[in-house]
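Chain order of the listed sequences is R and W. My numbering numbers the first residue of the first sequence as 1 and each following residue consecutively. My numbering numbers the first residue of the second sequence as 1 and each following residue consecutively.
The hints are simulated quantities; they were obtained by calculation from the structure and are not laboratory data. Backbone N, C-alpha and C fix where the C-beta goes; we use that ideal spot for every residue, glycine too. It is possible that part of the hints are untrue.
Stated by the list, open to error - One side of the interface only, derived from the structure: several residues of chain R facing chain W at Cβ under 7 Å: (1) Phe34; (2) Pro86; (3) Asp88; (4) Ser89; (5) Thr103; (6) Gly109; (7) Leu113.
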Amino acid sequence: GAVVSQHPSRVICKSGTSVKIECRSLDFQATTMFWYRQFPKKSLMLMATSNEGSKATYEQGVEKDKFLINHASLTLSTLTVTSAHPEDSSFYICSAPRSPEETQYFGPGTRLLVL
Amino acid sequence: AQSVTQPDIHITVSEGASLELRCNYSYGATPYLFWYVQSPGQGLQLLLKYFSGDTLVQGIKGFEAEFKRSQSSFNLRKPSVHWSDAAEYFCAVGINQAGTALIFGKGTTLSVSS
């Protein structure tokens, strides 16, 4: 089956620093990728849709200047948490469909802890 | 707006007993329906999905789900639960296309007692 990877799997950073999370589709090209955020014992909330070659589409309430998304190629999308604060600590999960008609594949997630 | 409701926050089932996890959705047409399982600290694993056709779908690990249009439900079932089934279960819907972003329910935590 299709595989989506994320790097790093977990990261600890100091408050005020920026953190980049990568999402890669390993064996297929993805013109669209999705970024979700999951708080402890909570559901996944869609943050934004990453579009190759164009700007990301952010969900209401998500700060686009804090969560920078770049879909650099057909196999890579990055989420950069800028000037991270403790409240940004969370589990970030990306996903990508092989095509609009197919089920999307989820990455294993990245756990971010901001001290 | 579209929404997904999982009424049960936490369920405890004895090992070997049957299981049913409830899921209701709010959407005017038939959505694309999914059940995912998440073990602690892990990503999501797809258990099964419904797009169209037979309303009873079989998934991995012995799970099945039944789509009932009249009740806007897509309940997950397993006839005999194993201790390894203890995890978080999420129902999700996709609108318009299978590969679109998903709307997730709040999840149901399944505990299995011996």
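Problem set entry | Interface hint compliance - Thr103(R) to chain W, C-beta minimum distance less than 7 Å | Holds, because the Cβ-Cβ distance from Thr103(R) to chain W comes to roughly 6 Å (cut-off 7 Å).
For this session: Would you settle whether the hint for Pro86(R) is holds or violated, based on the nearest Cβ-Cβ distance to chain W being less than 7 Å?
Result: violated (19 Å)
Exercise. Does the interface hint hold: is Phe34(R) within less than 7 Å of chain W, judged Cβ to Cβ?
Worked result: Cβ of Phe34(R) sits 5 Å from chain W, so the hint holds.
Exercise. Taking the least C-beta to C-beta distance, is Asp88(R) closer than 7 Å to chain W?
Worked result: Because about 18 Å separates Asp88(R) from the closest Cβ in chain W, which is outside the 7 Å limit, the hint is violated.
Problem set entry | Hint status (Cβ of Ser89(R) to nearest Cβ of chain W, threshold 7 Å) | violated (14 Å)
For this session: Verify the interface restraint on Gly109(R): the C-beta must sit less than 7 Å from at least one C-beta of chain W.
Result: With a minimum Cβ separation of about 5 Å from chain W (threshold 7 Å), the hint on Gly109(R) holds.
Exercise. Is the hint on Leu113(R) kept, meaning its closest Cβ partner in chain W is under 7 Å away?
Worked result: violated (12 Å)
In this structure, the hints that do not hold are numbers 2, 3, 4 and 7, in rising order.
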